[in-house]
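> Here is what each chain is made of, one letter per residue.
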Amino acid sequence: MEAGGRASLALLPRHLELQPALPGSTRPRVDPARRPVARNWLALWFSLEVLRSLGAKASPTIAKRCALHADLAYVLREAAVRVLRRAGDYFFQPSTYAAALRRLVEHHTHEIIGLPRDYNIVRLLEEIGEQDGLNRYVAAEHLQHVLEVYVAGHFPLSAKIEVASPEDEVSAARRACRGSASPRRSAPRAARPIPRAPAASRRRTASPRSSTTSAPAFLRDSIRTTASTGTIPRSRPACRRSATA
Amino acid sequence: MSEAGGEVAQKCFEDLDLTYYTKEELARWRAQLGGREPNHGLLGAWYLHRVGLGVLDRSADLDGFREAQGEILGMAVRAVLLHGAQTGHVSADRDPVASMLILCNEVFEWDPGRHLAPAPSSIGRSFHVMAADVPAREPRDAWIKIPSLQVTAGDPVTGELHAALLVDPAQKTWPEIHIGLQAPQRLDVPVLRLWLLKAQSLGRLLPTREGLCPTVVMRSRIDVTLLSRNLTTKELLDRVAERKALARVRPALRAWLGMRDLFDEVRTVDRNEESVRLGPLEQRLLFDDLFEWLKKIEEEAWGVVQSIDADSDDQPTSKRYWG
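Top to bottom, those sequences are chains U and W. Per my numbering, residue 1 is the first one in the first sequence, and the count goes up by one each step. Per my numbering, residue 246 is the first one in the second sequence, and the count goes up by one each step.
So that you can see chain W by itself, here it is in the shape it has in the complex (with noise of 0.2 Å):
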């Protein structure tokens, strides 16, 4: 199967060419998007590309209707690329529908491994017949707001609406988009892996001349588990960044973690709160295999709190996802 799936990966890359990249990026997407099989980036940019390439050979070249067309078909084949490359920097300036597709697909976030995959129905395999099947799904955040939006409405004959942005020239990088996680006791990852791979994710962007770039504010709770062990999220990665298993990323997550003005917290009676902001990071901050690396992360954070709790007297609370 592995090496069937090498074989699509290769036909999908020799379908492509190097209309949509270069030699170098290439080289540097090649593991992530067919190592061993397509990822989706890889197969949706394929069939976009075969589907595109269908269309333009149909539509009859009125007022240069094809090369426009082709425009667009290369910014989306891209697009898609590198929305499921997960390396290397993305610039809004070069590739925009890329940026924002990164940027909507990290805050309206899908986690295909969530849930299990139900078999097709005997009676048919769309989502319309299997919708007894079909949970609802509940998203990871509680709320999204954009401060610096702002809407208005208008005409009400015509229904129009008016949204602006407003932007602040003092700022470095804008929009900033606040993110509220739900409580921690409901998620079923843990925060810090949330925080890891949104800060990989979004650090990719690179600012306009103007300082378009988003900035994602992600707060959420304490969790109760890392309170009951005097921990914070990221008091917890400062130690999960010493692990010996971590240390070819050591360098790249002990250099995050050292810009404290990204990270916050409250810590009162009533409110335990922390927060982190995620916005574009350098070319040694980003991680070569994201998923890899979160993974073992993971174990490390789990290690961790099993070292804490043996060299304490009490009893572990609960085990949680981590294991």
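The following block holds chain U by itself, in its conformation from the complex (with noise of 0.2 Å):
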């Protein structure tokens, strides 16, 4: 599992990065049957997330551990599954990957976000996956629904907000000018002019480093300009204020 999880935790990265479902350009670079799927792509980001967090604290039990591991690795394998398209002898199970997605919600809700373990998510999730004769809709679709709004929440929280200065937009366009854009990060904003800000826009803006003043306060933590900072900051101060989301 320890060789496995650091190939995991080399690669992971790279693929999200070079298969990026939720990121970047709507225009469909391949044949939309073999376009990589935003909800696996968080699925993969979220498993990330936890296998990153292994080893961080003494897990209470070996079984506890040796669970959370399977559930982690089924959750790896069904994504890369769906990934590679090697269909096969394959069959999806909803409600096996939902129970196993249930436990890496429950390890990041306790171990990564800190929510006290008396909120007792497990007990939680069980009961909306439960199908009591009185309900109308099928229960587990409500659980993965559940699961995937959690997952997807908590993914914005863990990027970091870049308010292009008014440098940044004179030095796009003029690379765009230049024809010398550099890859990666300035990339979609030479291929895109950016157009002059309304006057109301302008004043909203004119000071980037106030735009981090008045905003929410989850975001405020992560909200950088590339003017002030020059890079993006990794912490991720946000998470814990909606842990209950």
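No false leads were mixed into what you were given.
EDC-like mimics (lysine to aspartate or glutamate), calculated; alpha carbons at most 20 Å apart, straight line:
hint: 1; chain 1: U; residue 1: K160; chain 2: W; residue 2: E421
hint: 2; chain 1: U; residue 1: K57; chain 2: U; residue 2: D118
hint: 3; chain 1: U; residue 1: K160; chain 2: W; residue 2: D338
hint: 4; chain 1: W; residue 1: K256; chain 2: W; residue 2: E270
hint: 5; chain 1: U; residue 1: K57; chain 2: W; residue 2: E405
hint: 6; chain 1: U; residue 1: K160; chain 2: W; residue 2: E405
hint: 7; chain 1: W; residue 1: K443; chain 2: W; residue 2: E537
hint: 8; chain 1: U; residue 1: K160; chain 2: W; residue 2: D400
hint: 9; chain 1: W; residue 1: K541; chain 2: W; residue 2: E487
hint: 10; chain 1: W; residue 1: K479; chain 2: W; residue 2: E518
hint: 11; chain 1: W; residue 1: K479; chain 2: W; residue 2: E544
It should be emphasised that the hints constitute simulated quantities derived from the structure, not laboratory data.
Hints in hand, dock the two standalone chains.
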């Protein structure tokens, strides 16, 4: 498991970067049937988060640690199968997948977010997934939805918000004119000329630094401007505040 | 049953007291959260409130732990309530968690009425036991993209992944999320329902002063059922808005449909695509009783299609999902 974990740690971020199902252009570059799926991409990102946290705290029992590793491996395998389209004799089992993802969410809430264990997320998710006679909907679908929303809701909190400063616009335009836009970061900006801001929005963004002051509390710490920092901040202070979302 | 449901809803409201909302908000939400029976937003909020209070009671108050947890609990309960209320504006400044929940709930949607629930198995009711009866859920979207989002791999030893959301100061609101719907023939509801439902839900979100407020651009192929009648979803809605039964929502519908920059379509020989931009809306454009009106609008849409067929010599090709 450890060797596999190390390999996954090295390869997963690279895969997420090279197969950006959620980020990037809307223009399809590949056959729609082979296009990576955003949900799958988010599940891989979430698995990476859990994988990175393993070993940070001592797990209470070996059995719990093994169960978590097994479910993490299952979610990763399912995602890999979908990416590689290795159908063969493979059957997708929604309930097993939901159960595995449920354990990752439980680990995430308590071990990474730090929600008190008294909230008993396991029991809460079990109740959501139970098919009560009074339910008029498929409870397992509700559970899948809750898990999806949990994962999708946490992803933006891991992203840093970069507000382009006027200098960035000028330099992006210059690079576009020279046809020498640097790869990765500046490419999308250079490809799409940035229109001049209307008067109201120019006032709003006149001071990039001030844009952090009245942001929602849960985003305040993560908003930076490219002018003020130059790099993307790495810390993730916002997550704790939205633990119960 | 209806009376009993109403009593449960009343009990939920009493327990929640006015801790998580104002009197004005309660007056606005009451009909939707707990009219004849409590909806899942009200029940979920009540459950979380009860569990949260128990946790706070049992916790030692070290370094302001209780106050911090109480604040988080308040945001979470209010978010669950707000996502079920389906009415009134939600400010990301005041309710950041609720805004995020409403957004995720629309982008990664789940329609409780989509599939009939299987009966609990004779050997148990957990989803694991009922595995054989649980179908794979096919989402209504084919793809989801955030164009201004970029990710780069970091240190391979620690498995870092850096994600950055690039904000163009010229944009009034950000970020933009693009959704491509499945082909209309694979959808279980008409595209117009998804347009209206998401427009109304996302229209509730108010931008912050920095412009933080998601805009969802939803694209789809034009339904052949409409194309065969020389219609697009927008044109169908234009006609639907004039129907007598929709007099009460007509001003809101007309005003929304009149915002031409929200709608786009491409009609060529090999590609028929339409899109709609869904972002913040003024209060006057929001429906009071969203699901009731959605049902009526769908009925009227089918009425429009039937009237076109009645005026035409051609026989209707298919009824599809309307009616």
